[in-house]
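Protein chains: 2
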Amino acid sequence: MKNFKIRIEVSARHCHLSEADFKKIFGRDAELTPLKNLSQPGEFASEELIGLKTKKGEIKRIRIIGPLRKYTQIELSKTDAISLGLNPPIRMSGDLGESSGVTLLGPDGSVNKKEVVIVANRHIHANLKQAKKYGLRNGQVVRVDIKGERSLVFDNVKVKLNENYDLSMHIDTDEANACGLGRAGGFGKVIFK
Amino acid sequence: MKNFKIRIEVSARHCHLSEADFKKIFGRDAELTPLKNLSQPGEFASEELIGLKTKKGEIKRIRIIGPLRKYTQIELSKTDAISLGLNPPIRMSGDLGESSGVTLLGPDGSVNKKEVVIVANRHIHANLKQAKKYGLRNGQVVRVDIKGERSLVFDNVKVKLNENYDLSMHIDTDEANACGLGRAGGFGKVIFK
Chain Y
1 MKNFKIRIEV
11 SARHCHLSEA
21 DFKKIFGRDA
31 ELTPLKNLSQ
41 PGEFASEELI
51 GLKTKKGEIK
61 RIRIIGPLRK
71 YTQIELSKTD
81 AISLGLNPPI
91 RMSGDLGESS
101 GVTLLGPDGS
111 VNKKEVVIVA
121 NRHIHANLKQ
131 AKKYGLRNGQ
141 VVRVDIKGER
151 SLVFDNVKVK
161 LNENYDLSMH
171 IDTDEANACG
181 LGRAGGFGKV
191 IFK
Chain C
1 MKNFKIRIEV
11 SARHCHLSEA
21 DFKKIFGRDA
31 ELTPLKNLSQ
41 PGEFASEELI
51 GLKTKKGEIK
61 RIRIIGPLRK
71 YTQIELSKTD
81 AISLGLNPPI
91 RMSGDLGESS
101 GVTLLGPDGS
111 VNKKEVVIVA
121 NRHIHANLKQ
131 AKKYGLRNGQ
141 VVRVDIKGER
151 SLVFDNVKVK
161 LNENYDLSMH
171 IDTDEANACG
181 LGRAGGFGKV
191 IFK
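As you go down the protein sequences, you meet chains Y and C in turn. FYI, our numbering numbers position 170 of the first sequence as 170, with every residue one higher than the one before it. FYI, our numbering numbers position 4 of the second sequence as 4, with every residue one higher than the one before it.
Hint data in this document are derived by calculation from the structure and do not stem from the laboratory. Because the structure is a prediction, the values reported are computed rather than measured. The hints are all genuine.
A pair holds if it fits inside one copy or across any two, identical chains being indistinguishable in the list.
With a straight-line Cα cutoff of 27 Å, these simulated DSS-like cross-link-like pairs (lysine-lysine) come out:
(1) Lys56 <-> Lys36
(2) Lys23 <-> Lys60
(3) Lys193 <-> Lys5
(4) Lys53 <-> Lys23
(5) Lys147 <-> Lys193
(6) Lys158 <-> Lys147
(7) Lys53 <-> Lys114
(8) Lys158 <-> Lys132
Given the sequences, and given the hints that come with them, work out the whole structure.
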């Protein structure tokens, strides 16, 4: 397997909401309004924003990523989590057992949620054709080298395959800052162990 | 030269003030009150805090690191800088040319400063005896491997030698979050190129 260049995208804090939670805080007749398509086919940033509140703090303007999902999940950077007094686990999307709780605030109400907040594990999306081309396996762990003023090599980068994905590495804003990438992202090199 | 284990310390946002700037915002008769000694001999966290203000935002509670210096320097994480609408360069301490400006707020006044804000370049402090023992040269660039849930290898880690220093690597809060270290820091391994 040969090392290869990969696009890096920076995920700012965001949330995925269940339909029930969305209706509770936006109203029974509300719907998500797509603002911008994301790189993963079918996913979009919505115009709708929510707030998060804990005993220690509040964060406003968390963007909802659509479409609505079966479960609610909030993805924060560690910096965000600390500002809310939370210590969420570093997890892959969907793995919410023993994650942190928070209150969701919307224009039409609020809802207290347990086990919804994680810090996302850095990961690579790829579809099956791309996986074959580059020799990636689902669940595989690779390293990604980022060059620049704050050069570093990310270890523990997990590969997620799905026929609907498109090749891209996702890191959060703390990781982007640590490796010198702006919100627009950049490129890195996948290194096989 | 053999790789070796090193203590990692996490620098939260902080500032160094000149005596003139300190008096302007704390009053003519004010003095720094040491709160806690830091690992680098002679340096201390003071009880005194300042605020920072820009057109875009404000950060409260920036700790002053004493003693007072010949020049004022503010060290922020990139996350902090973005919240203030600033884009400071990544620099070694003291290298302030074309750095960012900000207004310093104290209990007794405020002062507008140009070229005072940087994001600190990650670095290693060592004294001359330690440098000899481990084969470190002043200005040398090494890599540091951090193990854990968010394992990574920091590149571009600059070595700073001074007879008063004590062996330690300093990273900022974004870097700590990206490599899974808490505010209490941890340990890494210096890797020679």
